[in-house]
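Asker: Taken in sequence, the protein lines are chains X and C.
Just remember that the numbering used here sits 17 ahead of the position in the first sequence, which is counted from 1.
Just remember that the numbering used here sits 32 ahead of the position in the second sequence, which is counted from 1.
Just to be clear, a hint being listed does not mean it is correct.
[As the list claims (entries may be wrong)] Some chain X residues flagged as far from chain C (calculated, every beta-carbon gap over 10 Å):
| id | residue |
| --- | --- |
| 1 | Arg20 |
| 2 | Leu39 |
| 3 | Gly45 |
| 4 | Glu59 |
| 5 | Pro76 |
| 6 | Glu78 |
| 7 | Pro88 |
| 8 | Gly89 |
| 9 | Ala96 |
| 10 | Val116 |
| 11 | Leu120 |
| 12 | Gln140 |
| 13 | Asp180 |
| 14 | Pro186 |
| 15 | Met208 |
| 16 | Val219 |
[As the list claims (entries may be wrong)] Listed next, the in silico DMTMM-like pairs over lysine to aspartate or glutamate satisfying Cα-Cα at most 25 Å (straight line):
| id | chain 1 | residue 1 | chain 2 | residue 2 |
| --- | --- | --- | --- | --- |
| 17 | X | Lys227 | C | Asp43 |
| 18 | X | Lys227 | C | Glu141 |
| 19 | C | Lys48 | X | Asp223 |
| 20 | X | Lys227 | C | Asp266 |
Calculated directly from the structure, the hints in this document are not laboratory data.
Backbone N, C-alpha and C fix where the C-beta goes; we use that ideal spot for every residue, glycine too.
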Amino acid sequence: MSRPARERRRVVSVEPVGPYVLVRVERGSLDPGAPGQFFMVEAPGRVLPRPMSLCLAPPGELAFLLDPIGPGTRALAAAEPGDRLHIFGPLGNGFRLDVARPLLVGGGIGVAPLPYLSDVLGQPPAVLGFRTAEHAEAAVLVPNAEVVLDPVLVTDVMPTDRDVLACGPEPMLSAIRALAPSAQLAWEAPMACGYGACYGCVVEIDGELKRLCVEGPVLEQEEELSFSS
Amino acid sequence: MTAADVAQQLDAFVTKTVTPEPREGNAPTRIAETEFGMLNAIGLANPGRASFLRETLPQIARIVERPVWVSVGGFCARDYAETCEQLARDDVAAIELNLSCPNVDEAPESAAEIVAACREVVAKPLYAKLSPHSWDLAQTVRAVESAGADGISLVNTLRGVALDARLRPVLARTAGGYSGPALKPVALAAVHAARTATDLPIVGMGGVRSGRDALELIACGATHVALGTVLFADPDAPLRVRRELADAAMQAGHASPESAFGAAHEPVARLAN
Ligand SMILES: Cc1cc2nc3c(=O)[nH]c(=O)nc-3n(C[C@H](O)[C@H](O)[C@H](O)COP(=O)(O)OP(=O)(O)OC[C@H]3O[C@@H](n4cnc5c(N)ncnc54)[C@H](O)[C@@H]3O)c2cc1C
Ligand SMILES: Cc1cc2nc3c(=O)[nH]c(=O)nc-3n(C[C@H](O)[C@H](O)[C@H](O)COP(=O)(O)O)c2cc1C
Ligand code: FES
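Given these sequences and hints, build the entire structure.
Answerer: What follows is the structure, given as structure tokens:
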């Protein structure tokens with residue numbers, strides 16, 4: 018597995034994608050890791066970095082797609098080309114790629130890891146769900162995607178005879194698991210460190226409290242996850 | 033860069049607090065960032081004394097390759113003493129009694145009573161980790177010293193609450209321990225007060241991010257400096273802080289960090305000439 022490293026890297030560009038923001042940084046000697054792994058990205062002016070899935074790994078760059086919902090993600094969205102950010106990763110466990118008939122499923126900002134995943138898997142079909150047409154602009158990042166808008170849900174249109182790899186909000190992941198019990202699902206929890214030191218990201222997996230940054234964020238079929246909060 | 037790489041930059045590694053029984057800790061959400069720090073309500077999650085001694089401690093010792101200080105917690109003096117009794121082993125360099133976790137109810141006995149109970153059963157260096165909430169810290173420090181403590185650790189977190197956009201507490205447990213940059217002045221005051229009361233070693237901590245922050249704790253009377261929250265944002269912090277420390281001392285007019293020890297206690301008149 019690739020070894021996580023921390024480097025201070027220059028921001029190459031900050032582009033809007035619908036209401037989301039795509040931040041490209043120089044890759045330096047950072048390893049992009051496997052799709053579904055994440056990086057702790059410095060949020061300028063904040064005490065803690067923020068976990069971000071790798072969205073794209075073009076030569077010489079790493080790109081993150083973010084939803085500016087709070088102080089950390091807004092500070093990142095306000096970064097300018099030339100600014101330098103500390104980037105630490107790749108961290109956690111990504112998607113298992115030895116699947117026969119992959120189907121990528123994403124909801125909202127959960128599309129973030131799918132462009133890189135699609136690239137690595139040779140652009141398999143995808144189903145993406147968004148709240149509004151504006152949010153759905155992010156679908157341009159994922160080839161071969163069928164897009165649904167609220168109130169239609171990804172689970173309404175998703176074929177069930179495929180190997181599902183999904184990322185999205187918790188209710189969506191739970192619904193997918195009910196339909197496709199063997200799906201690989203990328204979960205979220207608030208994280209302070211991303212490398213197993215703080216015990217802040219603990220969730221219940223198989224009835225035991227475990228650190229999502231170490232055991233996940235992608236969990237396999239037999240792993241049963243529930244949030245006690 | 034892994035957890036082991038982080039630990040190997042340190043002179044010593046302090047474990048998470050171990051309690052007699054296993055504790056799953058508090059329900060999520062357990063952490064929240066605020067403007068100037070972070071809140072945690074981890075709730076002393078730990079595998080419990082038996083499993084810690086059998087599995088966790090040997091594993092930590094192997095991974096960190098540094099002297100390991102074991103942090104001991106409990107809900108009465110007997111809890112602490114029974115754990116200490118079992119820590120007389122080669123892989124334990126020192127014991128830190130966590131007398132100040134804001135995320136669990138505290139033992140009914142006083143800090144000094146707990147220290148005395150542990151002193152009776154173990155010869156290892158015993159550090160008492162105290163809360164910054166006490167107004168008369170000097171008195172507590174004198175009491176734990178008389179009870180047999182070999183050193184003082186200051187400070188643990190302050191109790192705090194963070195609210196989300198809809199004015200609901202972010203943490204499942206409502207309140208948590210407040211750490212990070214905001215804690216630095218509190219830590220400086222506590223170490224300063226403790227140094228007026230004792231000549232024992234003091235492990236200073238609270239909000240250290242830079243060599244200058246570490247130097248300020250030393251100037252107030254800390255003989256050791258510990259890092260917490262900064263490690264989450266910057267796993268390279270131990271090496272960096274160490275590197276910055278010498279420079280910070282020079283800039284403050286001291287040949288070395290050691291010569292800045294206690295500088296904050298010197299009368300102003302002496303500093304002026
Ligand atoms: C492994 C992982 C990968 C991620 N990848 C991406 C990504 O690629 N793009 C992206 O935009 N976001 C991603 N996130 C989520 C992102 O890290 C959070 O949205 C961000 O930390 C919020 O910080 P903030 O200061 O902007 O907002 P905050 O003020 O911290 O949060 C705003 C709101 O979001 C909630 N929240 C905060 N953090 C989380 C979380 N981790 N999970 C669920 N709810 C949360 C808060 O409770 C609050 O209601 C990822 C999270 C994880 C754990
Ligand atoms: C996530 C987290 C977990 C902690 N767990 C413990 C613990 O188990 N025992 C303990 O004595 N202190 C614990 N602390 C307190 C720290 O050791 C330290 O006293 C405090 O955070 C102040 O230092 P800092 O500002 O550098 O973080 C914890 C702090 C944090 C942020
Ligand atoms: S984020 Fe710190 S342990 Fe997982």
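Asker: Confirm or reject each hint.
Answerer: Hint by hint, here is what the structure shows:
At roughly 7 Å, the least C-beta separation between X/Arg20 and chain C is not larger than 10 Å, which violates its mark as non-interface. At the 10 Å boundary, the C-beta of X/Leu39 stays outside the reach of chain C, the nearest C-beta of that chain being 24 Å off. X/Gly45, annotated as away from the interface, keeps every beta carbon of chain C farther than 10 Å; the closest lies near 14 Å. The Cβ of X/Glu59 does not lie farther than 10 Å from every Cβ of chain C; its closest approach is about 8 Å, which violates its non-interface assignment.
For X/Pro76, the non-interface assignment is confirmed: its Cβ lies about 24 Å from the closest Cβ of chain C, beyond the 10 Å cut-off. At roughly 21 Å from the closest C-beta of chain C, the C-beta of X/Glu78 stays outside 10 Å, upholding its exclusion from the interface. The claim that X/Pro88 is not at the interface with chain C is violated, since a C-beta of that chain comes within 10 Å of its own (minimum 8 Å). Taking the minimum C-beta to C-beta distance to chain C, about 7 Å, the non-interface status of X/Gly89 is violated against the 10 Å cut.
Its beta-carbon lying about 17 Å from the closest one in chain C, X/Ala96 satisfies the requirement of being farther than 10 Å from that chain. At roughly 28 Å from the closest C-beta of chain C, the C-beta of X/Val116 stays outside 10 Å, upholding its exclusion from the interface. With a minimum CB-CB distance of about 29 Å to chain C, X/Leu120 clears the 10 Å threshold, and the non-interface call stands. Interface exclusion of X/Gln140 from chain C stands, the closest Cβ pair being 33 Å apart, more than 10 Å.
Taking the minimum C-beta to C-beta distance to chain C, about 29 Å, the non-interface status of X/Asp180 holds against the 10 Å cut. The beta carbon of X/Pro186 is kept farther than 10 Å from every beta carbon of chain C, the shortest such distance being approximately 16 Å. Distance to chain C contradicts X/Met208 as a non-interface residue, since its nearest Cβ pair spans about 8 Å, not more than 10 Å. Its beta-carbon lying about 6 Å from the closest one in chain C, X/Val219 breaks the requirement of being farther than 10 Å from that chain.
In summary, the hint linking X/Lys227 to C/Asp43 is not supported, as the alpha carbons are separated by about 29 Å, beyond the 25 Å threshold. Between the alpha carbons of X/Lys227 and C/Glu141 the distance comes to roughly 33 Å, so the proposed pair goes past 25 Å and is violated. Among the hinted pairs, C/Lys48 with X/Asp223 is consistent with the structure: their alpha-carbon atoms are about 24 Å apart, no more than 25 Å. Taking the CA atoms of X/Lys227 and C/Asp266, the gap is near 23 Å; set against the 25 Å cutoff, the hint holds.
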